[in-house]
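A.B. asks: Just so you know, the protein sequences line up as chains A and B, in that order. The opening position of the first sequence corresponds to residue 1 in this note's numbering, with each subsequent residue numbered one higher. The opening position of the second sequence corresponds to residue 1 in this note's numbering, with each subsequent residue numbered one higher.
Wrong hints could be hidden among the right ones.
[What the hints assert, rightly or not] Some residues of chain A that are not near chain B, with every Cβ distance over 12 Å (derived): (1) Leu-5; (2) Pro-263; (3) Tyr-334; (4) His-432; (5) Ile-441.
[Said to hold, decoys possible] Each computed BS3-like pair below joins lysine-lysine, with the alpha-carbon atoms no more than 27 Å apart: (6) Lys-289/A - Lys-54/B; (7) Lys-438/A - Lys-341/A; (8) Lys-438/A - Lys-56/B; (9) Lys-56/B - Lys-289/A.
FYI, nobody ran anything at the bench for these hints, they're computed from the structure. Heads up, the beta-carbon is just placed ideally off N, CA and C, and yes, glycines get one too.
Letter by letter, the chains look like this.
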Amino acid sequence: MDGNLNALTTVFTEFYYWVTVVFMFLIHVGFCMYEVGASRHRNHMHTLMKNIMIIPLVTVTFFFFGWWIYWSFPNFPFFGGLNHDAGAANLPWSENMGTNLSDRITGVFWAAFLLFSWTAASIVSGAVIERIRSSALWVHAVMIGSVFWIIDAAWGWHAEGWMVKYLGYHDAYASGVIHAIAGGYALGVIMVLGPRLGKFAADGTPRDIPPHNPWMLTIGIFLIYSGFWGFYAACNIPAISPEGIGGLLTGETWTATNIYLAPTSLSAITFNFLMSLSGGLMAAYVVSKGDAFWTFSGGLAGIITASAGNDLYHPIQAMLVGAVGVVIVYNLHYWVERTFKIDDAVGAVAVHGYSGIVGLIIAGFLLWGAPSSPYEGYATVNPVGQTIGAVIMFFVLGFLPAFVISKIQAAMGVLRIPVEVELQGLDYAEHHAYEDAKAEIIAADKAALNGGGVPAE
Amino acid sequence: MSTIGYDSWAVDLAEVGAVYPFQGSEGLMVLLGVIFWIGWHRIQFVREGAHLEKAKRMGDREKINSLLEKY
Numbered sequence: 001m002d003g004n005l006n007a008l009t010t011v012f013t014e015f016y017y018w019v020t021v022v023f024m025f026l027i028h029v030g031f032c033m034y035e036v037g038a039s040r041h042r043n044h045m046h047t048l049m050k051n052i053m054i055i056p057l058v059t060v061t062f063f064f065f066g067w068w069i070y071w072s073f074p075n076f077p078f079f080g081g082l083n084h085d086a087g088a089a090n091l092p093w094s095e096n097m098g099t100n101l102s103d104r105i106t107g108v109f110w111a112a113f114l115l116f117s118w119t120a121a122s123i124v125s126g127a128v129i130e131r132i133r134s135s136a137l138w139v140h141a142v143m144i145g146s147v148f149w150i151i152d153a154a155w156g157w158h159a160e161g162w163m164v165k166y167l168g169y170h171d172a173y174a175s176g177v178i179h180a181i182a183g184g185y186a187l188g189v190i191m192v193l194g195p196r197l198g199k200f201a202a203d204g205t206p207r208d209i210p211p212h213n214p215w216m217l218t219i220g221i222f223l224i225y226s227g228f229w230g231f232y233a234a235c236n237i238p239a240i241s242p243e244g245i246g247g248l249l250t251g252e253t254w255t256a257t258n259i260y261l262a263p264t265s266l267s268a269i270t271f272n273f274l275m276s277l278s279g280g281l282m283a284a285y286v287v288s289k290g291d292a293f294w295t296f297s298g299g300l301a302g303i304i305t306a307s308a309g310n311d312l313y314h315p316i317q318a319m320l321v322g323a324v325g326v327v328i329v330y331n332l333h334y335w336v337e338r339t340f341k342i343d344d345a346v347g348a349v350a351v352h353g354y355s356g357i358v359g360l361i362i363a364g365f366l367l368w369g370a371p372s373s374p375y376e377g378y379a380t381v382n383p384v385g386q387t388i389g390a391v392i393m394f395f396v397l398g399f400l401p402a403f404v405i406s407k408i409q410a411a412m413g414v415l416r417i418p419v420e421v422e423l424q425g426l427d428y429a430e431h432h433a434y435e436d437a438k439a440e441i442i443a444a445d446k447a448a449l450n451g452g453g454v455p456a457e
Numbered sequence: 001m002s003t004i005g006y007d008s009w010a011v012d013l014a015e016v017g018a019v020y021p022f023q024g025s026e027g028l029m030v031l032l033g034v035i036f037w038i039g040w041h042r043i044q045f046v047r048e049g050a051h052l053e054k055a056k057r058m059g060d061r062e063k064i065n066s067l068l069e070k071y
């Protein structure tokens with residue numbers, strides 16, 4: 001860190017990403033609360049454990065190979081080979097991947113991406129509650145969290161990604177690279193997994209399975225909103241000079257940029273985050289006729305729909321994009337549920353997947369012709385590139401691998417829990433152990449009390 | 001042609017101002033936004049009125065008593 005300005009910029013950037021990581025932790029807390037609130041009493045502990053163990057499993061695999069994929073795959077395999085130089089610096093045995101006083105950024109940058117990985121895996125976790133085996137979900141968590149989403153990030157969320165170069169793909173706050181892929185992945189799993197017992201009547205009519213604890217759901221989604229601030233900030237480079245970017249920008253004016261190193265500002269995304277949240281909430285309230293959970297989820301869907309272009313939209317555009325997206329995804333959710341008998345327990349495919357697709361396509365029109373990158377020779381943003389990008393995210397890297405892996409798991413008999421366990425509840429055995437232990441200790445205490453000589457306190 | 005007024009970032013940021021799409025249409029955007037907001041109130045007023053009309057005839061005296069007891 002030579003020079004005071006460089007030192008300050010480095011330390012600021014390091015602290016900036018560190019703060020985003022702390023904020024993003026709330027997303028995972030929120031997902032856990034939402035899932036447990038949505039599940040029934042007899043499945044609580046397993047539902048919670050299923051989501052909590054995503055944290056260590058995705059973390060270690062993201063350290064071992066996920067982070068290397070991001071730096072190696074921007075043009076692999078269709079537009080060039082692996083980028084060995086960039087990849088080598090991010091292998092788990094590289095000096096950069098440890099305490100290193102000449103690299104203060106890799107750790108926090110890695111962690112910011114890692115928290116996105118948790119989010120992707122956690123989105124899938126919500127859709128499959130109360131009937132998937134934890135072992136099967138944890139394999140999926142590693143695949144979406146440390147393989148497929150980070151491939152899509154290398155392709156479409158990297159300054160040198162081939163989707164950015166050739167398609168003009170623009171997805172500043174991850175409508176596609178996190179939400180569309182995770183929604184598509186969740187759909188691939190639940191299509192093979194099947195619905196929860198009782199979800200559909202004999203004639204195929206869907207039944208509502210109400211959450212056991214509405215307040216937990218509410219707090220859960222509010223925590224996700226809070227963590228989303230960290231997610232948005234983490235998608236930016238906080239301060240960089242034109243010289244640091246090294247592209248077409250001229251002059252001396254420093255700027256915040258999106259992940260593609262194209263200029264934006266924290267102020268812009270603050271406007272647009274709040275306005276798209278509001279548009280989503282208002283539209284969801286109307287379209288769901290005041291259903292509390294769809295309204296709250298609609299706020300999230302509004303942000304997700306506007307996220308692809310929230311670095312550049314006007315706040316009113318962000319609000320309207322969020323509102324339009326919510327109307328589409330709400331109707332699509334129920335159409336898919338009725339038509340294909342899909343049980344998406346928390347609406348994850350709709351709120352994340354459909355919102356992501358819709359958001360990408362809308363951004364293609366609203367930002368038509370805008371530069372996707374500060375570097376020369378890149379395609380500009382356009383509707384065709386965005387639509388192809390949406391298909392790659394939702395279907396190619398999301399739905400397809402999830403469907404294939406789930407089919408293999410189903411063939412091996414390791415995807416779904418036995419029907420007897422689904423009826424008695426995943427926590428049945430633990431509940432019994434708990435009740436037995438309680439009865440035993442109460443009996444022991446009473447015996448000690450009545451036997452005399454033992455103080456009651 | 002670019003909706004944001006720039007089709008390249010070959011610019012000096014000191015000379016760049018607004019970069020949102022459709023600059024010059026702010027008035028129209030505000031109008032659309034206000035229509036959305038007022039429209040929302042209108043829909044909500046009508047629906048809540050209809051709901052309360054329906055709800056006031058739904059109550060069962062016994063159940064209401066037990067609800068009052070529950071506080």
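A.B. asks: Work down the list of hints and note, for each, if the structure agrees.
C.D. replies: Okay, the hints, checked on the actual structure:
Even its closest Cβ contact with chain B, about 18 Å, leaves Leu-5/A beyond 12 Å, as expected for a residue assigned away from the interface. Separation of Pro-263/A from chain B is inadequate, the least Cβ-Cβ distance of about 6 Å not exceeding the 12 Å criterion. No Cβ of chain B approaches the Cβ of Tyr-334/A within 12 Å, the least distance being about 19 Å, so the stated non-interface status holds. With a closest Cβ-Cβ approach of about 32 Å to chain B, His-432/A is found to remain outside the 12 Å limit, as its non-interface label requires.
The beta carbon of Ile-441/A is kept farther than 12 Å from every beta carbon of chain B, the shortest such distance being approximately 33 Å. As the CA atoms of Lys-289/A and Lys-54/B are separated by approximately 15 Å, the hinted pair is consistent with the 27 Å bound. This hinted pair does not check out: Lys-438/A and Lys-341/A have alpha carbons roughly 42 Å apart, beyond 27 Å. The straight-line distance between the Cα atoms of Lys-438/A and Lys-56/B is roughly 47 Å, outside the 27 Å bound, and the hint therefore fails.
The hinted pair formed by Lys-56/B and Lys-289/A meets the criterion: a straight-line CA distance of about 18 Å does not exceed 27 Å.
In terms of the numbered hints stated before, the structure departs from hints 2, 7 and 8, listed from lowest to highest.
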